[in-house]
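Turn these sequences into a full structure, and let the hints steer you where they fit.
There are 2 protein chains.
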Amino acid sequence: MAVKFPEHITLGEAGEILSSAFEGYSERFGTRLEISAALGHVLTEDITAARNVPHYAASAVDGYALRASATAGATAATPARLPEDGWQWMNTGAALPDWADAVLMVEDSSLEEGELIVYKALTPSANVRPLGEDVMAGQIIAREGEPVTPALISLFLCAGIDEVPVKRRAKSLFIPTGDEIISREEWLAQESQRSGTVAESNSLFIAASFRRWGFEVDVAPILPDVPQILKEYVEKGAAEYDLVLVGAGSAKGRRDHTIEVFKELGEVLFRGVRMKPGRPAMAAKISGKPVICLPGFPMSTAVALWSLVYPLLRQFAGERGPLLELAREAIGVKKIIETRLLVQHSSSAGIEEWLRMKTALVGGRLYSWALTSGASVLWALAESDGIALLPASALECERETPVEVWMTREVDLAKRVLFKGSDDPAIQLLVTPIRRRGADFAARAVGSMGGLAALSRGECHLAAAHLLDENTGGYNDVFIERFSKGQKWRRILVFYRTQGIIVQRGNPLGIKNFHDLCAQDIVFSNRQPGAGTRVLFDHLLREEGVSPDKIKGYSQICTTHMEAANRVYTGLAGATLGIKSAADALGLDFIPITEEPYELVIPEEYMEHPGIRALCDSLEDAEWRGKVDEMGGYRWPD
Amino acid sequence: MAVKFPEHITLGEAGEILSSAFEGYSERFGTRLEISAALGHVLTEDITAARNVPHYAASAVDGYALRASATAGATAATPARLPEDGWQWMNTGAALPDWADAVLMVEDSSLEEGELIVYKALTPSANVRPLGEDVMAGQIIAREGEPVTPALISLFLCAGIDEVPVKRRAKSLFIPTGDEIISREEWLAQESQRSGTVAESNSLFIAASFRRWGFEVDVAPILPDVPQILKEYVEKGAAEYDLVLVGAGSAKGRRDHTIEVFKELGEVLFRGVRMKPGRPAMAAKISGKPVICLPGFPMSTAVALWSLVYPLLRQFAGERGPLLELAREAIGVKKIIETRLLVQHSSSAGIEEWLRMKTALVGGRLYSWALTSGASVLWALAESDGIALLPASALECERETPVEVWMTREVDLAKRVLFKGSDDPAIQLLVTPIRRRGADFAARAVGSMGGLAALSRGECHLAAAHLLDENTGGYNDVFIERFSKGQKWRRILVFYRTQGIIVQRGNPLGIKNFHDLCAQDIVFSNRQPGAGTRVLFDHLLREEGVSPDKIKGYSQICTTHMEAANRVYTGLAGATLGIKSAADALGLDFIPITEEPYELVIPEEYMEHPGIRALCDSLEDAEWRGKVDEMGGYRWPD
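Chains as they are written, first to last, in the working numbering: chain A, 1 to 638; chain B, 1 to 638.
One or more of the hints may lead you astray.
One copy or two, it doesn't matter: identical chains are merged, so the pair holds either way.
Said to hold, decoys possible - No farther apart than 27 Å at their CA atoms in a straight line, the calculated lysine-lysine pairs in the DSSO-like style are these:
{"hint": "1", "residue 1": "Lys263", "residue 2": "Lys231"}
{"hint": "2", "residue 1": "Lys276", "residue 2": "Lys627"}
{"hint": "3", "residue 1": "Lys120", "residue 2": "Lys276"}
{"hint": "4", "residue 1": "Lys485", "residue 2": "Lys231"}
{"hint": "5", "residue 1": "Lys285", "residue 2": "Lys335"}
{"hint": "6", "residue 1": "Lys236", "residue 2": "Lys263"}
{"hint": "7", "residue 1": "Lys334", "residue 2": "Lys236"}
{"hint": "8", "residue 1": "Lys415", "residue 2": "Lys335"}
{"hint": "9", "residue 1": "Lys120", "residue 2": "Lys488"}
{"hint": "10", "residue 1": "Lys263", "residue 2": "Lys627"}
{"hint": "11", "residue 1": "Lys171", "residue 2": "Lys236"}
{"hint": "12", "residue 1": "Lys285", "residue 2": "Lys171"}
{"hint": "13", "residue 1": "Lys335", "residue 2": "Lys263"}
{"hint": "14", "residue 1": "Lys276", "residue 2": "Lys335"}
{"hint": "15", "residue 1": "Lys4", "residue 2": "Lys231"}
{"hint": "16", "residue 1": "Lys335", "residue 2": "Lys171"}
{"hint": "17", "residue 1": "Lys552", "residue 2": "Lys512"}
{"hint": "18", "residue 1": "Lys627", "residue 2": "Lys485"}
{"hint": "19", "residue 1": "Lys4", "residue 2": "Lys552"}
Just so you know, the hints here were simulated from the structure itself, not pulled from any lab data.
Set out below in structure tokens:
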């Protein structure tokens with residue numbers, strides 16, 4: 001008989017199900033810890049001071065214990081004089097003698113042959129810390145549900161408390177699975193990389209996240225896709241740990257046995273969450289323990305970890321909160337900002353979507369854009385400086401759609417410039433010199449034409465172009481005139497770049513020039529329409545009188561030089577047109593064809609922007625110029 | 001010849017001096033760390049991917065590799081059929097065979113006797129992760145100055161990187177000093193507490209803070225106030241550690257040798273910071289190392305640690321930022337809110353003042369108040385949920401003065417009620433039951449009359465009173481009528497409390513009733529004017545016909561029952577008037593005098609406030625009632 005369980009539920013529902021399934025579970029985490037070890041742990045009882053702090057009337061300063069009445073009327077001009085038996089030296093913290101009721105600060109006195117000269121009148125209790133000033137014996141000094149802070153630890157000691165009742169932290173096990181997954185050692189040792197293998201990197205992400213949260217996680221060996229083995233490990237894990245995480249095997253493919261294992265061992269709580277990525281997440285209760293299956297793609301694992309695992313860990317630790325607030329804590333969100341989409345974004349109906357965002361302040365408005373929506377693209381998570389969670393109701397989100405971004409880094413957006421335009425590795429190298437100058441640089445490679453169009457629409461601070469005008473043989477002029485529509489745009493000639501044919505190492509096809517390239521029956525790796533390099537390629541084809549449909553791979557496009565060169569590097573293509581640095585980076589051969597100017601285009605209004613100033617300054621940076629020279633294929637203007 | 005150094009400078013100046021004195025110092029922290037160990041460390045170079053990720057064209061799903069062209073026109077209604085040699089099973093991550101250009105998801109297919117039934121038309125590249133989709137060999141994947149995140153660690157591994165160049169963390173030594181300071185072990189072992197001793201608790205605060213920040217600190221033995229010994233330790237510390245902290249000895253007292261030691265060993269950078277607490281902070285450069293003297297009071301240590309030490313630690317770790325932003329990070333500030341002062345606050349001219357704040361939302365406005373300004377009061381730091389830094393220009397700050405509060409906890413202020421009024425230990429016990437009901441309760445003990453007056457001014461959500469009307473012998477009516485000024489105030493009779501004479505254990509003076517108390521020549525511990533207990537005391541005195549000036553200690557006032565009872569407990573007073581629970585908490589004897597009603601007073605408008613509802617609900621809480629019964633001296637109304 002098939003057991004029913006909820007499928008394809010919302011994130012909110014999944015959180016509710018988990019939270020209630022383990023309602024009483026947090027009882028098992030009650031323990032007593034030595035006060036320092038209790039840092040960050042939640043107290044399970046009110047804590048009462050065992051002592052008065054201070055436990056005697058103490059001097060609050062270094063000075064002289066005396067009777068306040070003896071100082072009546074004393075000033076710097078009319079000091080009082082106390083005989084030797086009328087005062088007693090007090091270190092800070094010393095016990096006030098019975099006969100005294102105040103302490104004179106040393107700064108307000110001098111000593112003359114045993115007499116104390118008093119320059120200030122005191123009231124009784126002056127500079128005396130009364131008994132119990134800080135806390136009194138019997139006073140509640142911390143409460144159930146509060147986390148132990150550094151200040152509390154110190155206070156506990158002072159109040160005579162050596163250990164406190166808290167929730168200990170859950171101990172978790174992560175079980176990576178998958179025939180294609182190989183260990184870190186194997187991955188790094190691979191001489192020539194074996195196709196069809198993937199590094200087991202999720203455990204690094206999970207372990208680092210747990211460490212940042214102050215929790216522990218053990219990692220099991222990588223399991224093959226064999227249900228019996230998975231079953232064995234899950235069963236053992238549920239017996240020995242507080243929480244078990246299974247990596248992958250939750251989709252509906254041939255190898256996705258996890259659901260069967262869960263059904264056999266316990267009760268499936270839910271299968272499938274209506275979010276993207278992270279959709280195949282599922283959870284079960286096995287031997288009374290929570291077992292959560294994290295989908296295998298890095299971003300899916302991250303999302304499930306933040307939104308399902310972390311809130312549960314906090315609940316076990318004795319803390320509750322709204323699910324999204326806890327997810328933000330898991331992510332390490334520094335602040336929430338309201339932005340607008342820089343580019344249109346299509347979201348699926350009825351699905352909450354997690355996006356990795358980058359943000360810029362352009363024309364006085366905060367714009368943000370998703371770096372990619374691919375669950376497999378880890379780079380985007382590392383590169384993003386914010387996360388957005390689009391609601392299930394979001395569908396076609398036009399440019400300017402409001403979007404809330406959870407910022408994960410401190411970014412001074414007033415100092416960040418947004419660059420759109422032609423891609424160039426030398427430009428990518430500018431980020432660090434710009435940051436060293438206290439500003440920041442975000443780039444979107446959209447090609448020369450795309451950059452000018454974006455600049456014209458006010459979507460960025462600067463563009464870069466190397467667009468050949470076939471009629472004149474000149475570069476950029478006519479295009480800039482067309483897009484600027486009379487606005488004043490400054491042009492900065494950064495360098496001349498050598499464009500050429502990038503071919504495999506050793507040039508096995510013996511290509512010598514563009515003519516050879518067209519004559520031979522080889523797969524070409526093309527660039528996108530509007531890219532300066534594409535304009536050049538189409539121009540060269542026309543010069544040779546070759547029709548594009550004669551070029552194999554003409555419609556297979558790449559958006560950067562590196563991407564195009566990579567297709568050659570891995571044998572997917574035999575040649576591409578591109579710049580020398582891209583060929584050099586991958587050890588490919590390069591046949592020079594032409595030299596072109598590469599210009600930055602900046603509206604006059606942005607010339608004083610701190611990011612543009614740092615950029616202009618960085619263009620003169622000797623270290624950067626050295627690196628560009630080293631890359632090769634660039635010539636500085638005179 | 002005396003060497004000059006800056007004295008009594010601003011916090012900003014102190015930060016500047018430290019930062020520039022150790023400008024190049026952070027070079028020494030450059031190292032290479034294994035990627036997981038590098039979590040949270042700042043990269044010192046741009047990091048370039050050593051591999052393509054993925055390093056082959058991979059299936060993005062579980063499904064069937066095929067030629068997209070073979071699926072043309074396929075729908076659920078009009079499926080395409082592929083013979084056995086036209087498809088191949090693909091696990092997610094498997095390498096796409098050369099002849100295929102797309103992958104059909106298993107959900108969009110079925111198998112019938114070796115034929116693949118295709119329900120969806122695909123375009124080339126569908127469900128294929130192109131080579132280098134995530135990152136490409138040669139691509140910069142992380143930049144100098146960025147901290148290593150969990151996502152980066154995972155990405156590094158995928159990109160073939162095993163270790164990265166980062167700044168290691170500074171290692172610090174803390175040297176506690178002071179003749180009066182005793183070790184934790186000694187402190188906790190003390191049978192009867194020796195006067196004039198203080199627990200060395202600052203090292204617990206410092207170690208816990210460092211741990212929370214991810215830094216290490218060693219703690220030296222507690223040094224006596226002997227310059228030669230301090231010198232030896234500072235010299236050794238500066239040789240072996242990156243940063244040395246000296247606890248106390250920086251004021252101008254007889255024992256404050258630290259300045260002399262600093263002068264002898266190196267260069268004093270500054271002495272004295274114009275802030276409160278923390279004024280005696282100072283810093284030196286010894287053997288090229290930073291040595292900072294933290295004033296000894298707990299709050300002074302905290303403030304100097306946050307504002308001087310932490311920013312320096314971050315600088316050494318390769319991160320810079322505005323001083324106050326870093327201080328907020330050190331404190332663990334969750335958000336900044338704008339509030340107004342609930343009560344007047346006097347600040348000193350030309351001094352920045354650190355305050356420990358509590359906040360409440362009353363009548364639609366955010367009010368906050370300083371718990372205390374005493375540097376020695378650690379409790380206030382633990383109890384506060386925010387920090388305020390008053391500018392040097394602040395002097396007499398009236399009620400309603402705007403003040404920015406750096407919230408250190410997540411508090412749902414909409415659910416917190418602010419109570420002002422008569423102090424009672426049973427009421428203090430209500431906080432936990434109220435919090436368990438999802439609300440919160442903040443209390444200020446201001447006496448019965450003070451509470452009603454505050455309620456009348458709209459400064460709190462509820463008050464509590466037990467005010468005897470001498471004319472009628474009744475309680476509260478006339479006072480509530482006077483203060484409510486026609487507003488509708490609800491009254492809740494919580495319990496009857498027994499008031500009585502609290503005397504030393506065993507009642508050594510043999511007091512039997514109030515008459516005995518007045519007859520004998522003993523020191524009385526009195527309460528503040530406006531407190532219900534004070535009203536009662538004055539009434540009883542009049543009944544006995546005793547003049548207040550005949551009562552020793554009449555003008556020495558305490559603001560809570562516990563504080564008054566504590567004076568009896570420690571022998572500073574022979575008797576006080578108070579409630580039984582206060583006597584019981586300290587094991588004192590209690591002579592019952594009268595029973596009084598204790599009433600909560602709540603304006604009608606707040607009856608639906610979530611905090612008031614939780615409070616009313618908590619008054620019925622069986623566990624709370626059990627605890628109150630256990631305390632004794634309370635009787636529930638019928």
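Report the numbers of all earlier hints that the structure fails to satisfy, in ascending order. 2, 4, 5, 7, 9, 10, 13, 16, 18 and 19
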